[in-house]
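Student: So you can see what is in the structure, the chains are spelled out below.
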Amino acid sequence: SAVISQKPSRDICQRGTSLTIQCQVDSQVTMMFWYRQQPGQSLTLIATANQGSEATYESGFVIDKFPISRPNLTFSTLTVSNMSPEDSSIYLCSVGMGGGEKLFFGSGTQLSVL
Amino acid sequence: AQSVTQLGSHVSVSEGALVLLRCNYSSSVPPYLFWYVQYPNQGLQLLLKYTTGATLVKGINGFEAEFKKSETSFHLTKPSAHMSDAAEYFCAVTTNSGYALNFGKGTSLLVTP
Numbered sequence: 115s116a117v118i119s120q121k122p123s124r125d126i127c128q129r130g131t132s133l134t135i136q137c138q139v140d141s142q143v144t145m146m147f148w149y150r151q152q153p154g155q156s157l158t159l160i161a162t163a164n165q166g167s168e169a170t171y172e173s174g175f176v177i178d179k180f181p182i183s184r185p186n187l188t189f190s191t192l193t194v195s196n197m198s199p200e201d202s203s204i205y206l207c208s209v210g211m212g213g214g215e216k217l218f219f220g221s222g223t224q225l226s227v228l
Numbered sequence: 592a593q594s595v596t597q598l599g600s601h602v603s604v605s606e607g608a609l610v611l612l613r614c615n616y617s618s619s620v621p622p623y624l625f626w627y628v629q630y631p632n633q634g635l636q637l638l639l640k641y642t643t644g645a646t647l648v649k650g651i652n653g654f655e656a657e658f659k660k661s662e663t664s665f666h667l668t669k670p671s672a673h674m675s676d677a678a679e680y681f682c683a684v685t686t687n688s689g690y691a692l693n694f695g696k697g698t699s700l701l702v703t704p
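Just so you know, the protein sequences line up as chains A and B, in that order.
Residues 115 to 228 (this note's numbering) are what the first sequence spells out, left to right.
Residues 592 to 704 (this note's numbering) are what the second sequence spells out, left to right.
No farther apart than 30 Å at their CA atoms in a straight line, the calculated lysine-lysine pairs in the DSSO-like style are these:
no.: 1; chain 1: B; residue 1: Lys696; chain 2: A; residue 2: Lys179
no.: 2; chain 1: B; residue 1: Lys696; chain 2: B; residue 2: Lys659
no.: 3; chain 1: A; residue 1: Lys121; chain 2: A; residue 2: Lys216
no.: 4; chain 1: A; residue 1: Lys121; chain 2: B; residue 2: Lys640
no.: 5; chain 1: B; residue 1: Lys649; chain 2: A; residue 2: Lys216
no.: 6; chain 1: B; residue 1: Lys660; chain 2: B; residue 2: Lys649
no.: 7; chain 1: B; residue 1: Lys649; chain 2: B; residue 2: Lys696
no.: 8; chain 1: A; residue 1: Lys216; chain 2: B; residue 2: Lys659
no.: 9; chain 1: B; residue 1: Lys696; chain 2: A; residue 2: Lys121
no.: 10; chain 1: B; residue 1: Lys640; chain 2: B; residue 2: Lys660
no.: 11; chain 1: A; residue 1: Lys179; chain 2: A; residue 2: Lys121
no.: 12; chain 1: B; residue 1: Lys660; chain 2: A; residue 2: Lys216
no.: 13; chain 1: B; residue 1: Lys640; chain 2: B; residue 2: Lys659
no.: 14; chain 1: A; residue 1: Lys216; chain 2: B; residue 2: Lys640
no.: 15; chain 1: B; residue 1: Lys660; chain 2: B; residue 2: Lys696
no.: 16; chain 1: B; residue 1: Lys640; chain 2: B; residue 2: Lys696
no.: 17; chain 1: B; residue 1: Lys649; chain 2: B; residue 2: Lys659
no.: 18; chain 1: A; residue 1: Lys216; chain 2: B; residue 2: Lys696
Selected chain B positions facing chain A (Cβ under 7 Å, derived; list incomplete):
no.: 19; residue: Gly634
no.: 20; residue: Ala691
no.: 21; residue: Phe694
no.: 22; residue: Lys696
Keep in mind that the hints were calculated from the coordinates and are not lab data.
Model, not experiment: these values are computed from the prediction.
Here a beta-carbon is modelled for each residue, glycine too, at the ideal position from N, C-alpha and C.
The whole structure should be built from the sequences, with the hints applied where relevant.
Tutor: What follows is the structure, given as structure tokens:
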């Protein structure tokens, strides 16, 4: 299994600012993902964080708004840039190990933008 | 690409009654299917998953689901609902070739006394 530490667990931010969310895994993993869960909604995949290369973004998400870093096999960051109240969501990190059946989620970052 | 559809955004059952939450999938390759539960103000918790092998999968808290390829379904059931089962339930799908999950819109389960 994998233990995922996600920081911060919650934050309240001002409009126009940026927040960087960190995801640390206790073992090396091939695949890391970032999801967003807007209030009362399901989870939506933002991007796949690729180690050593640019992240792969899903439709509707762009690098300028959600830059992602993946410097090694145990760590990734997601930045929410130039925030607006519409960015208020829970952001979750997820990792995959040993095939698609082994998927783990972090506890999430609850972001509120005023 | 694979996707799931959860039928019914809200389901209400009486305590002690059968719980049935519906999930249908679409996938061009053999799917891996998951059910997650989210209690109010908490993170996701894996209830159960189907990858290969036995099509009836048992999970935590008395829940089980059956993979039916002919019906492209993976419905979640529990014989007797408990008040503590009230939560949001998400069905999700991925494949062996990828780890990114596609989630359904979720079903909110209400359990009444």
